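Keeping their order, the protein sequence lines are chains A and B. Each residue of the first sequence is one higher than the one before, counting from 1 in my numbering. Each residue of the second sequence is one higher than the one before, counting from 1 in my numbering.
Hints listed in this document are in silico derivations from the structure and should not be mistaken for laboratory results. One or more of the hints may lead you astray.
Which copy? The list can't say, so a pair holds if one copy fits it or any two copies do.
Unchecked claim - No farther apart than 25 Å at their CA atoms in a straight line, the calculated lysine to any residue pairs in the SDA-like style are these: (1) LYS145 to ASP220; (2) LYS46 to ARG103; (3) LYS349 to GLY33; (4) LYS46 to GLU319; (5) LYS145 to VAL186; (6) LYS234 to ILE107; (7) LYS307 to PRO142; (8) LYS355 to TYR217; (9) LYS234 to SER79; (10) LYS349 to THR34; (11) LYS188 to LYS267; (12) LYS58 to SER330; (13) LYS355 to ASP50; (14) LYS234 to ASP110; (15) LYS257 to LEU28; (16) LYS145 to ILE221; (17) LYS58 to ASP139; (18) LYS234 to ARG103; (19) LYS58 to SER68; (20) LYS46 to SER330; (21) LYS46 to SER79; (22) LYS307 to ASP61.
This structure is a prediction, so every number in the text was calculated from the model and none was measured.
There are 2 protein chains.
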Amino acid sequence: MNREEVFNYAAGPSVLPVPVLETAASELLNYRGTGMSVMEMSHRSKVYLDIFNETKQKFRDALGVPESHEILFLQGGGSLQFSMIPLNFSAPGDSVDYAVTGRFAGIAADEAERYCTVRRVYDGASTNFAHIPTQEELDLDPRAKYFYYCSNNTVMGTSWKYVPDTHGVHICCDMSSEILSHPVDVAKFGLIFAGAQKNMAPAGLTMVIVDRALCGYERDITPLMLSYQRQINKDSMYNTPPCYNIYILGLVLDWLKTMGGVTGMEKFKHERAAIVYNYLDESKLFKPCAEVESRSDMNVTFRTGDKALDAEFAAFAQERGLLNLKGHRSVGGMRASLYNAMPMEGAVKLVEVMKEFEASHV
Amino acid sequence: MNREEVFNYAAGPSVLPVPVLETAASELLNYRGTGMSVMEMSHRSKVYLDIFNETKQKFRDALGVPESHEILFLQGGGSLQFSMIPLNFSAPGDSVDYAVTGRFAGIAADEAERYCTVRRVYDGASTNFAHIPTQEELDLDPRAKYFYYCSNNTVMGTSWKYVPDTHGVHICCDMSSEILSHPVDVAKFGLIFAGAQKNMAPAGLTMVIVDRALCGYERDITPLMLSYQRQINKDSMYNTPPCYNIYILGLVLDWLKTMGGVTGMEKFKHERAAIVYNYLDESKLFKPCAEVESRSDMNVTFRTGDKALDAEFAAFAQERGLLNLKGHRSVGGMRASLYNAMPMEGAVKLVEVMKEFEASHV
Chain A
1 MNREEVFNYA AGPSVLPVPV LETAASELLN YRGTGMSVME MSHRSKVYLD
51 IFNETKQKFR DALGVPESHE ILFLQGGGSL QFSMIPLNFS APGDSVDYAV
101 TGRFAGIAAD EAERYCTVRR VYDGASTNFA HIPTQEELDL DPRAKYFYYC
151 SNNTVMGTSW KYVPDTHGVH ICCDMSSEIL SHPVDVAKFG LIFAGAQKNM
201 APAGLTMVIV DRALCGYERD ITPLMLSYQR QINKDSMYNT PPCYNIYILG
251 LVLDWLKTMG GVTGMEKFKH ERAAIVYNYL DESKLFKPCA EVESRSDMNV
301 TFRTGDKALD AEFAAFAQER GLLNLKGHRS VGGMRASLYN AMPMEGAVKL
351 VEVMKEFEAS HV
Chain B
1 MNREEVFNYA AGPSVLPVPV LETAASELLN YRGTGMSVME MSHRSKVYLD
51 IFNETKQKFR DALGVPESHE ILFLQGGGSL QFSMIPLNFS APGDSVDYAV
101 TGRFAGIAAD EAERYCTVRR VYDGASTNFA HIPTQEELDL DPRAKYFYYC
151 SNNTVMGTSW KYVPDTHGVH ICCDMSSEIL SHPVDVAKFG LIFAGAQKNM
201 APAGLTMVIV DRALCGYERD ITPLMLSYQR QINKDSMYNT PPCYNIYILG
251 LVLDWLKTMG GVTGMEKFKH ERAAIVYNYL DESKLFKPCA EVESRSDMNV
301 TFRTGDKALD AEFAAFAQER GLLNLKGHRS VGGMRASLYN AMPMEGAVKL
351 VEVMKEFEAS HV
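All chains, please: the whole structure from these sequences, using the hints.
See the structure below:
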């Protein structure tokens, strides 16, 4: 199949902008007359350091990261952050607050529990994670060492529409599946992290934005690679970073700028998701999974209520070039991930195919 | 410059085979009719799992990894292995043996010291790391929990020509800068690890080969991502692996096969390095740094003995398209890394340019 015949709704790794892939392909054997691929460059060479530093600056500009916060290019994905956060920001016996609004926030809380006392200040299990709590529903501890939440929950397709007021308790946030899709007031956060493989770059790069003032207090047992302070001291080059992924991120940030940056992307993602949600609200066959107020623009989840029919639809869609619509294995149903690089046509086409399927099944 | 005008002697990330880059470029926007880039594929999709499983099998075949040993695709580089090894293979109070034959073995020993008692069974500092110890020079402890060494030392350009006899003590080995360059009797090792960015793939992938029988005893404080057992249980997909790097590794393994595999590569690397060493042994200007018996075929180090002249040569070579010949910042001089993908012409051309420089400076 040609790329034009396919829409890829994978939850991550996921679709990248075509102009980014075109540039990457054209530069793959010879980056701008250097005679080398970016994959082959020493991370300490001037040509690569220019790519690295420019990408860092573009990221800072795109998200408006204040100078108080360091930008780190790490490895290990969100799952490694689940350990790094308690190891760097808590001491044994400390109490920390976690809002469990989805699968990955739950795993993060479990991992933190191995190092300190975890209060689950909200647990969405009773609503099957279809609901994002209001400020009033959060049972926050003013003495917590930090408050943790996941701003967009990929599995159930929910997102937080506000940053909780924690009365000064530092906020750590997993933004993996929505980073760079809308403006963020970074100063409100102690730490933001995001795996690259949804809105940014190929898997293997983890972006961390961290308030420098919080670093340097990691536990003695913390592996050196997992110390934020050490990574800050070495500007993410304590060892070789995932150089090629960082290069692709730079290209994605160039593309993002042509799309109007995070402000342009916010408008775009609302419109794109609305195309699907508007249809789902009318459909007699498909039902959206998340509560209306909690819906994510990045991951739209829906189901027929019949497992066999869900599977039939996923296969029906796949035959038409609509790939990876199957929901996460832990919940079933369908999930259409509409990340930054998904064109508007991806939402239009999805609704078209859902309508076609519905017409023959109602 | 064109690729043909350049030789890249970087110590890592470093040169990749041209056919690999050509295939990667041609498949970058559309992998074999899927309509997707490998960068965009869900790591749980069939098309990607096929790439993953085939690459794993090719790696097992290339190195002859016995079924007793698991192959893991991890992140974090050698530096993260420096922590994972003691966290997984030792308990507090245990004693472990480290042979310090270079910079990175030293850093590994320092990191292990944070978790257990480290005996430095050999320390090359007195010879400025120009020497690799013989079996007799190793002060091994039969009760050590494991013995650790780095088989090729990138900074000083030395390599071990034998696997030490430890009388049953498990061996952990950093093979980052020589893996897949010669046959290895993997059964002799408890664990082998290697960062991908020298002989295998772009930076961001760390290969680990580990004896399953040794796993499952990690300490309570070990972050879940850093447990070998957990990574084995999840077949390196506890979270999203560095998918694209794994794909490139698969292409490199295809290329390696056309070169006669690790046996062909061993012959090739001896011949390639000999071209440079033979000249160095005759040169009146350049002196090799490593002892003859300890010389590495992967990293050839040399100097004039005059810092200004070293710098002059590096600049002279760079003007002629010979890139990244400057030695590691900790030792100075020059280093020509001749990894698997370096063609024979890279050694020939280097000697040509050295001769030219020598002719005008002696």
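### Query
How do LYS234 and ARG103 come out at 25 Å by Cα distance, when the copy is not named: within, between, both, or neither?
So LYS234 and ARG103 pass the 25 Å test across copies only (17 Å; inside, 33 Å).
### Task
Up to 25 Å between alpha-carbons, please classify LYS58 paired with ASP139: within, between, both or neither.
For LYS58 and ASP139, neither the intra-copy (37 Å) nor the inter-copy (52 Å) Cα distance is at most 25 Å.
### Message
Within, between, both or neither: how does the pair LYS188, LYS267 come out at a Cα-Cα threshold of 25 Å?
### Response
Close inside one copy (22 Å), not across copies (59 Å); limit 25 Å.
### Intra/inter-copy verdict for LYS46 and GLU319 if alpha-carbon distance must be at most 25 Å
between (48 Å within a copy, 15 Å between copies)
### Query
Can you tell me if LYS349 and THR34 fall within 25 Å by alpha carbon in one copy, between copies, both or neither?
Classified as between; 18 Å across copies, 42 Å inside a copy.
### Intra- versus inter-subunit Cα pairing at 25 Å for LYS307 with PRO142
neither (44 Å within a copy, 59 Å between copies)
### Query
Under a CA distance limit of 25 Å, which applies to LYS58 and SER68: within one copy, between copies, both, or neither?
within (17 Å within a copy, 47 Å between copies)
### Query
Is the C-alpha distance from LYS58 to SER330 at most 25 Å within one copy, between copies, in both cases, or in neither?
Answer is neither: 36 Å inside a copy and 32 Å across each miss the 25 Å cutoff.
### Message
As a check of your reading, is LYS349 near GLY33 (CA-CA no more than 25 Å) within one copy, between copies, both or neither?
### Response
between (40 Å within a copy, 20 Å between copies)
### Query
Given a CA cutoff of 25 Å, do LYS234 and ASP110 count as a within-copy pair, a between-copy pair, both, or neither?
Only across copies: LYS234 and ASP110 sit 18 Å apart there, 30 Å inside one copy, limit 25 Å.
### Message
My question is about LYS46 and SER79: at a cut-off of 25 Å on alpha-carbon distance, are they close within one copy, between copies, both, or neither?
### Response
between (32 Å within a copy, 23 Å between copies)
### Message
When Cα atoms must be at most 25 Å apart, do LYS145 and VAL186 count as within-copy, between-copy, both, or neither?
### Response
This pair counts as within: shortest intra-copy Cα distance 19 Å, inter-copy 46 Å.
Violated hints for the displayed structure, listed by number in ascending order: 7, 8, 12, 13, 17 and 22.
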